[in-house]
Amino acid sequence: MASLVSLSVGFILAMQSSTELGKMGANSFIPDLVSLSLMRELGPLLVAIIVVGRSGSAVAAEIGTMKVNEEIEALRVMAIDPIRYLVLPRFIALMIMLPCMTIFGNCVGLVGGWAVCTLEMGMPTSFYIMRAMQRPELWDLYSGIIKTAVFAHIIITIACYQGLNVEGGAEGVGRATTSAVVYSILWIIIADTLLTGLFYLVL
Amino acid sequence: MSPTPKKTNPSSDVILEVKDLVQSYNGRAVLNGLNFKVRKGETFVIMGGSGCGKTTLLRILIGAQKPTSGSVHLFGEDITKAAPQELDRIRLRFGMNFQFGALFQSMTVGENIALPIQEHSQVDPSLIEMIVKMKLELVGLTGFENFKPSELSGGMRKRVGLARALALDPELLFSDEPTSGLDPVMTAVVDQLTLDSTRKIGVTAVVVSHDMTSCFRIATHMLMLGSGPRQGEIIAEGTPDEIRANPDPFLQQFVRGEADGPIAFRLSQDDYLKHLLQEG
Chain A
11 MASLVSLSVG FILAMQSSTE LGKMGANSFI PDLVSLSLMR ELGPLLVAII
61 VVGRSGSAVA AEIGTMKVNE EIEALRVMAI DPIRYLVLPR FIALMIMLPC
111 MTIFGNCVGL VGGWAVCTLE MGMPTSFYIM RAMQRPELWD LYSGIIKTAV
161 FAHIIITIAC YQGLNVEGGA EGVGRATTSA VVYSILWIII ADTLLTGLFY
211 LVL
Chain B
1255 MSPTPKKTNP SSDVILEVKD LVQSYNGRAV LNGLNFKVRK GETFVIMGGS
1305 GCGKTTLLRI LIGAQKPTSG SVHLFGEDIT KAAPQELDRI RLRFGMNFQF
1355 GALFQSMTVG ENIALPIQEH SQVDPSLIEM IVKMKLELVG LTGFENFKPS
1405 ELSGGMRKRV GLARALALDP ELLFSDEPTS GLDPVMTAVV DQLTLDSTRK
1455 IGVTAVVVSH DMTSCFRIAT HMLMLGSGPR QGEIIAEGTP DEIRANPDPF
1505 LQQFVRGEAD GPIAFRLSQD DYLKHLLQEG
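Those sequence lines, one after another, are chains A and B.
The opening residue of the first sequence carries number 11 in my numbering; numbering runs sequentially from there.
The opening residue of the second sequence carries number 1255 in my numbering; numbering runs sequentially from there.
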């Protein structure tokens, strides 16, 4: 799912930019544009939004069902901290997996851009790879990874919070799942704006 | 703890003591100044009609909820004032059997029972497996280790819940409506299990129930909570024989399960006729 979206975004970026850049004869900048925008912005953002839909909702629903079923209460009575037992492993898992998925998504997106550049515009593959790899600095990749870490934090915090605060049976679980997705996406976009601004000012 | 031994038991035998417990929601008192003691080795049954605050009381006793005022001393320590770490330490000394089992749906029966042992001891996995088998045999479910809770009947889930509550060999067992929703045979089986755990293992049990047959079968001491106009007060307390002999009409209506009596059928305070005509 994430790779399909990333591939499409790579396609779209290359095609959209080719019409405008082509007018100025600047087609050779397309690989730069694709790789920079994927690494800095679109890769982290899109993968995070997909993970919200897939995992954030699942975590909220799972923990919410446990709450309704008194399982959270049972953990507490057994002197097992639900935060340590339920939230922490999910947090660590997402902190590791979201950056991995984002890097993978970036690679797939670059393949999408390459497909448009070589197959439609006849750009040599070696030229595409060279431009796409040369232009971005290591910091461009890092800034994207920092964003994913923040997004992972947001997704798990909101999903677990919504799950642990479910009230009112099965209906409450549904409501918590919806809220988890809506608030996660909202906060991811707010955080992305702030981080982009911060990186822009610092660098 | 002030040593005021009324009975033959010395006060050191008291493992649960509730003093002036009040719980109110929006100014309405659900529990109104409760005082009682549970002594070691007792099967203490708390009875009461629906909505009388039985579940609220139990939640306060296990530290899941802070009361509005009053204190709850478990093993001599006030859990209403205990810090989370202290509360966790006290919690290791009692087990809780939830009304619907509250089993972890994502785990098998065996894993459910093993979880508290894994979390709170450094026991070898092979030994844990053995303890799980022993606990399952105790509730008559040997061979069900690999079943998921969703594959079990309600009665079986309650039994697994009991096995899990007993996993760490607690001194005190809380049980929330252990027989509600079970057929008469299964009710008797669950009662027998409660009796076994108190008599054979020496666990003190605090059982919340409204099933009178089952209450009289297992109790060594009983307490009746009031509802309606007598909401939140203790109506009667004593041994099963004392409860049977108690002439209180409220108590007798409950024990016999009669529709007519001081326990109101109408829950509303409004005048029916006025209400009816107003709507028209």
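It is possible that part of the hints are untrue.
Pairs of lysine-lysine, DSS-like flavour, derived with a Cα cap of 27 Å [claimed, not checked]: (1) B:K1335 / A:K77; (2) B:K1320 / A:K77; (3) B:K1273 / B:K1294; (4) B:K1294 / B:K1454; (5) B:K1528 / B:K1454; (6) A:K77 / B:K1454; (7) B:K1335 / B:K1402.
Hints in this document: simulated from the structure, not taken from any laboratory.
Since we're looking at a predicted model, the values are computed, not measured.
Now for the hints, and whether the structure bears them out:
1. B:K1335 / A:K77: holds, 25 Å
2. B:K1320 / A:K77: Given that 27 Å is the threshold and the Cα spacing comes to 19 Å, the pair holds.
3. B:K1273 / B:K1294: holds, 18 Å
4. B:K1294 / B:K1454: holds, 14 Å
5. B:K1528 / B:K1454: violated, 59 Å
6. A:K77 / B:K1454: Status violated; Cα separation ~34 Å.
7. B:K1335 / B:K1402: violated, 38 Å
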